[in-house]
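*Asks:* Residue-level listing of the chains:
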Amino acid sequence: MPEVRELEWLRESKPSERMLGYPQAICEALDQALALDPRVFVMGQGVDDPGGMFGTTKGLHNTHGAARCFDTPLAEASMTGVAIGAALGGMRPVYMHNRSDFLFLTLDQLVNHASKWHYMFAGAVSVPIVVWACIGRGWGSGAQHSQALQGTMMQYPGLKVVMPSTAYDAKGLMLAAIADNNPVLILEHRHNFKYKGAVPEKVYTVPIGKGVVRRAGSDVTIAGISNMVNEALLAAKDLAAIGIDAEVVDLRSLRPLDETLVLESLRKTGRLVVTDSGWKTGGVAAEVAAIAAEKGLEFLKAPVRRVTCPDVPTPSGYTLEQAFYAAKDDIIEAVRTIVPPRR
Amino acid sequence: MNIPRETLLSLYHDMLRTRRVEESIESLYHEDQMKTPIHLYIGQEAIAAGVCAHLRDDDPIFTTYRSHGQYLSKGGDLNSMIAELHCKETGCSKGRGGSMHLIDLSAGHYGSSAIVGGCLPIATGMAFAKKAQGSDAVTVTFFGDGATEEGIFYESVNYAMLKKLPVVFVLENNEWAVCSHVSTRKIGENLFHGADPEHLYTAKVDGNAVLDVYEEAGRAFAHARSGKGPAFLECMTYRIRGHAGSGSDADLGYRSPEDIEVWAKRCPIRSFRAWLLREEVETPIELERMDAQIETEIENAFAFATASPLPKGEDLLLHIYGE
Ligand SMILES: Cc1ncc(C[n+]2csc(CCOP(=O)(O)OP(=O)(O)O)c2C)c(N)n1
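So the sequence lines, in the order shown, correspond to chains A and B.
At position 250 of the first sequence (counting the first as 1) the number is 250 in our numbering, and the numbers step up by one without a gap.
If you want our numbering, it's the 1-based position in the second sequence plus 343.
Next up, chain A with everything else stripped away, as it sits in the complex (with noise of 0.2 Å):
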């Protein structure tokens, strides 16, 4: 299966290939998740629900019976230890959340205990539960419905954390990381909801742990993660309209987080900014930055640039929104600071 490279959306699909919406990318992984495995069952509030999830779950219910995908008790700590005992007792339940800020309320259970069961008993068993989060940025969200958790959630060793940025992977990572046997959390971002990609309708894994770059170029690489991938492929076509070839690679996963894949492209092209729609300090942007700091001095010819949102919660209000988040002119004003202009 070749990767996706390019942003799918301004693409031109060959004919030969079915282009899905993203969310129903993710809801046809777990179908056919639920269809070949008698294990799986999907869990959340909301879940079966008639917009199902912002559609990721859609159906899934009418299709695979009530005791497989259902609505949860408004009590995510617990639910949380549910989703691990079910796992420990040979199920795999993919737990989904329509706010990552709900996260916070199931640390205990997700990193006290998922993340360690497998370790503090040394191997003796696993808990192979996938929880889904989606990052509600949209209309004036606000301060607790929009927060990007990545920065804080990929700290903790035994917890596998993704990020897709494109419907094949949403569907490839989503199948598996019900296939991993560890926690994994797929952070998902609203924004990539409106597009559509390439999606074979074949059961197929995206692995957890590998980048991928989704541009190649010389002077400059932008590593990205989730929405951010396409706000840096848009920059780098802009990019290039100024004789600037950048290189976009897509992070993918945060835990296992592929390095090599990052100083790969830095000794290419010697300069990096990295792009994430968290916060900056303790964050995506400020992991790859030490990596590329620790491993990489040799091949750095200018000083490596984060593209964040800027320390401060989610604003609610029209205006502080736009100023908030990262988008394509900052990351191109980024690069703009290190790379030598061409024309």
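Source of the hints: derived by calculation from the structure; they are not laboratory data.
There may be inaccurate statements among the hints.
Derived Cβ-Cβ restraints for the label pairs, each shown as a range [stated by the list, open to error]:
| # | chain 1 | residue 1 | chain 2 | residue 2 | range |
| --- | --- | --- | --- | --- | --- |
| 1 | B | E640 | A | P207 | 42 to 50 Å |
| 2 | B | K378 | A | G209 | 14 to 22 Å |
| 3 | B | P380 | A | G90 | 43 to 51 Å |
| 4 | B | R399 | A | F104 | 48 to 56 Å |
| 5 | A | G90 | B | N643 | 58 to 66 Å |
| 6 | A | V203 | B | P347 | 22 to 30 Å |
| 7 | B | P347 | A | G59 | 50 to 58 Å |
| 8 | B | I346 | A | P207 | 53 to 61 Å |
| 9 | A | F104 | B | P600 | 41 to 49 Å |
| 10 | A | G90 | B | T626 | 42 to 50 Å |
Think of the CB as a built atom: it goes at the ideal place given N, C-alpha and C, for glycine as much as any other residue.
Using the hints, position chain B with the ligand against chain A.
*Replies:* Relative to the frame of chain A, chain B with the ligand by itself:
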């Protein structure tokens, strides 16, 4: 209740064995070969013994940092436990867990959490899986009075009731959470005692009377195993030793030494021994023999632990993720 002689003797054996293990740990702790916090079960043995006597190997249990008694009564391997207390590679958690994280899957002990209340929802989830798989296994979780103050206790019992899950919540109310008495932390009876019996089977029992625990637990399991839903069993007892570490903490001044005395006199093992002799279930000689056998078994376990290798520093990064 007509309890077979074999069961009576095995209840006594379980309690005595746990007590002797705890005493051995306690007497050797000062040597600093067990470099892990210990939380002794002395005085509470009747609860683990009385509850676990009903359990099959495929009935999962989840416990806390104070789990030596439950681990042993459920059939957990003694050598692996003592080795784990020495943080040895041959320990049940290969030295990664220590005293607070015991596991023995062959006995259905799925692990213990050092987070108060941490296993309540996990046991509930295990019961969910067992039910979904069509098994009649019953899952048990043991926890202290402190855990009932955590919100997750409410959430877990609520879910177990909602889905009629075969899980038995065993509260070991030993009055103390570290140095804080239960009366300073909550008021009145546990609210779940007032639950509709249709949704939750509840009982409160003298946790120092092994036959009472056995009998009540039996009802709770019959309820859960027959598909009627969860049960909540509160066992009233007392923590004889300090919260952690070895020896009496009567001199610390936070609780009255007289109370400790009173409860020490209500030793579940001593009273049951007297009963066994009075009822002529067993002779004193045979009970002594049992004690001697246990002592030998424990000596061997300590010898095994002492002779076992420590985990190697180079293996630090093992077991983070499963295959
Ligand atoms: C969530 C949490 N809060 C606090 C602690 C610290 N702590 C450890 S044991 C303990 C007392 C718990 O008492 P109880 O639940 O009655 O159990 P017992 O120790 O009496 O067996 C406390 C407060 C902890 N381990 N976890």
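*Asks:* Give a verdict on every hint.
*Replies:* Against the structure, the hints come out as follows:
Under the hint 42 to 50 Å, the C-beta atoms of B:E640 and A:P207, about 49 Å apart, fit the expected range. B:K378 and A:G209 have their C-beta atoms about 35 Å apart, which leaves the hinted 14 to 22 Å range violated. Distance hint for B:P380 and A:G90: a CB-CB separation of about 32 Å, inconsistent with the stated range 43 to 51 Å. The given range of 48 to 56 Å is broken by B:R399 and A:F104, whose C-beta atoms sit roughly 39 Å from each other.
Here the CB-CB span from A:G90 to B:N643 is close to 35 Å, at odds with the stated 58 to 66 Å. A hinted range of 22 to 30 Å is violated for the C-beta pair A:V203 and B:P347, which are about 54 Å apart. Separation of B:P347 from A:G59 is about 55 Å and conforms to the stated range, judged on CB atoms against 50 to 58 Å. Separated by about 57 Å at the C-beta atoms, B:I346 and A:P207 satisfy the suggested range of 53 to 61 Å.
One distance hint, 41 to 49 Å for the beta-carbon pair A:F104 and B:P600, holds here, with the actual separation near 44 Å. At about 46 Å, the CB distance of A:G90 to B:T626 agrees with the hint of 42 to 50 Å.
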